[in-house]
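For the sequence shown, my numbering assigns the number 1 to the initial residue and increments by one for each residue that follows.
Keep in mind the hints are simulated off the structure, nothing from the lab. If you're wondering where the values come from, they're calculated on a predicted model, not measured in any experiment. Treat the hints with caution; some may be incorrect.
To be verified - Across the chosen pairs, the derived CB separations fall in these ranges:
{"no.": "1", "residue 1": "VAL24", "residue 2": "VAL79", "range": "18 to 26 Å"}
{"no.": "2", "residue 1": "LYS57", "residue 2": "SER29", "range": "16 to 24 Å"}
{"no.": "3", "residue 1": "LYS57", "residue 2": "GLN30", "range": "31 to 39 Å"}
{"no.": "4", "residue 1": "ARG107", "residue 2": "VAL79", "range": "31 to 39 Å"}
{"no.": "5", "residue 1": "SER12", "residue 2": "LYS88", "range": "30 to 38 Å"}
{"no.": "6", "residue 1": "GLU13", "residue 2": "SER72", "range": "28 to 36 Å"}
{"no.": "7", "residue 1": "LYS57", "residue 2": "ALA3", "range": "20 to 28 Å"}
Unchecked claim - With a straight-line Cα cutoff of 20 Å, these simulated PhoX-like cross-link-like pairs (lysine-lysine) come out:
{"no.": "8", "residue 1": "LYS88", "residue 2": "LYS58"}
{"no.": "9", "residue 1": "LYS97", "residue 2": "LYS57"}
{"no.": "10", "residue 1": "LYS73", "residue 2": "LYS88"}
{"no.": "11", "residue 1": "LYS97", "residue 2": "LYS126"}
{"no.": "12", "residue 1": "LYS58", "residue 2": "LYS69"}
{"no.": "13", "residue 1": "LYS28", "residue 2": "LYS69"}
{"no.": "14", "residue 1": "LYS73", "residue 2": "LYS83"}
{"no.": "15", "residue 1": "LYS58", "residue 2": "LYS28"}
{"no.": "16", "residue 1": "LYS64", "residue 2": "LYS83"}
{"no.": "17", "residue 1": "LYS73", "residue 2": "LYS57"}
{"no.": "18", "residue 1": "LYS73", "residue 2": "LYS28"}
{"no.": "19", "residue 1": "LYS123", "residue 2": "LYS83"}
{"no.": "20", "residue 1": "LYS88", "residue 2": "LYS57"}
{"no.": "21", "residue 1": "LYS83", "residue 2": "LYS69"}
{"no.": "22", "residue 1": "LYS69", "residue 2": "LYS57"}
Where a beta carbon is used, it is the ideal one built from N, C-alpha and C, also for glycine.
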Amino acid sequence: MFANLVLAVDGSEPSLRASEQALVLAEKSQGYVYLVYVVDRYERRKNNKQPFDHMSKKQIEEIKQIERKARSKQINVQVIILKGEPAKAILNFANEKAVDLIVVGSRGLNHLQQLVLGSVSYKIMKNAPCSVLIVK
Numbered sequence: 001m002f003a004n005l006v007l008a009v010d011g012s013e014p015s016l017r018a019s020e021q022a023l024v025l026a027e028k029s030q031g032y033v034y035l036v037y038v039v040d041r042y043e044r045r046k047n048n049k050q051p052f053d054h055m056s057k058k059q060i061e062e063i064k065q066i067e068r069k070a071r072s073k074q075i076n077v078q079v080i081i082l083k084g085e086p087a088k089a090i091l092n093f094a095n096e097k098a099v100d101l102i103v104v105g106s107r108g109l110n111h112l113q114q115l116v117l118g119s120v121s122y123k124i125m126k127n128a129p130c131s132v133l134i135v136k
């Protein structure tokens, strides 16, 4: 199964659904979960405060809620806050920790957004060093 997994969250509905799936997998495999949130580099340019200053109270509470839920299921979890471009930061972290699985939600960008921006989940899927679960 999956001994170590990254659960990448951004506070969106798809990432909350992804957290449900990740916790089920981690519970079954008795794995370790890195609960990762990335403060986007473009957000940081608005002002030069610490990462948590760029997260809404709602996002912070959602991360804490996922962490509490994991701990209530006896899942080992560690919250990680990274800075940078989300896909790149998640991929670098996954490489560094040699994880077995990355779980991420899919926001469902429209065709134009995909062409111009690309999606975080797509970039992760194409470049991940491990298996990737994308949850809609």
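Right, here's what the structure says about each hint:
1. VAL24 to VAL79: 18 to 26 Å: holds, 19 Å
2. LYS57 to SER29: 16 to 24 Å: violated, 33 Å
3. LYS57 to GLN30: 31 to 39 Å: Cβ of LYS57 to Cβ of GLN30: about 33 Å, so the range 31 to 39 Å holds.
4. ARG107 to VAL79: 31 to 39 Å: violated, 21 Å
5. SER12 to LYS88: 30 to 38 Å: The hint (30 to 38 Å, Cβ to Cβ) is violated, given that SER12 and LYS88 are roughly 19 Å apart.
6. GLU13 to SER72: 28 to 36 Å: violated, 22 Å
7. LYS57 to ALA3: 20 to 28 Å: Violated: the Cβ-Cβ distance is about 33 Å, outside 20 to 28 Å.
8. LYS88 to LYS58: violated, 24 Å
9. LYS97 to LYS57: Violated, at roughly 28 Å.
10. LYS73 to LYS88: Violated: LYS73 and LYS88 sit about 30 Å apart, past 20 Å.
11. LYS97 to LYS126: The hint holds at about 18 Å.
12. LYS58 to LYS69: holds, 16 Å
13. LYS28 to LYS69: holds, 15 Å
14. LYS73 to LYS83: Distance ~29 Å between LYS73 and LYS83 Cα, so the pair is violated.
15. LYS58 to LYS28: Between LYS58 and LYS28 the Cα gap is close to 29 Å, so the pair fails against 20 Å, i.e. violated.
16. LYS64 to LYS83: Answer holds: LYS64 to LYS83 is near 19 Å, not above 20 Å.
17. LYS73 to LYS57: It is violated: about 24 Å lies between the C-alpha atoms, which goes past 20 Å.
18. LYS73 to LYS28: Holds, at about 10 Å.
19. LYS123 to LYS83: holds, 17 Å
20. LYS88 to LYS57: Answer violated: LYS88 to LYS57 is near 25 Å, above 20 Å.
21. LYS83 to LYS69: violated, 25 Å
22. LYS69 to LYS57: holds, 18 Å
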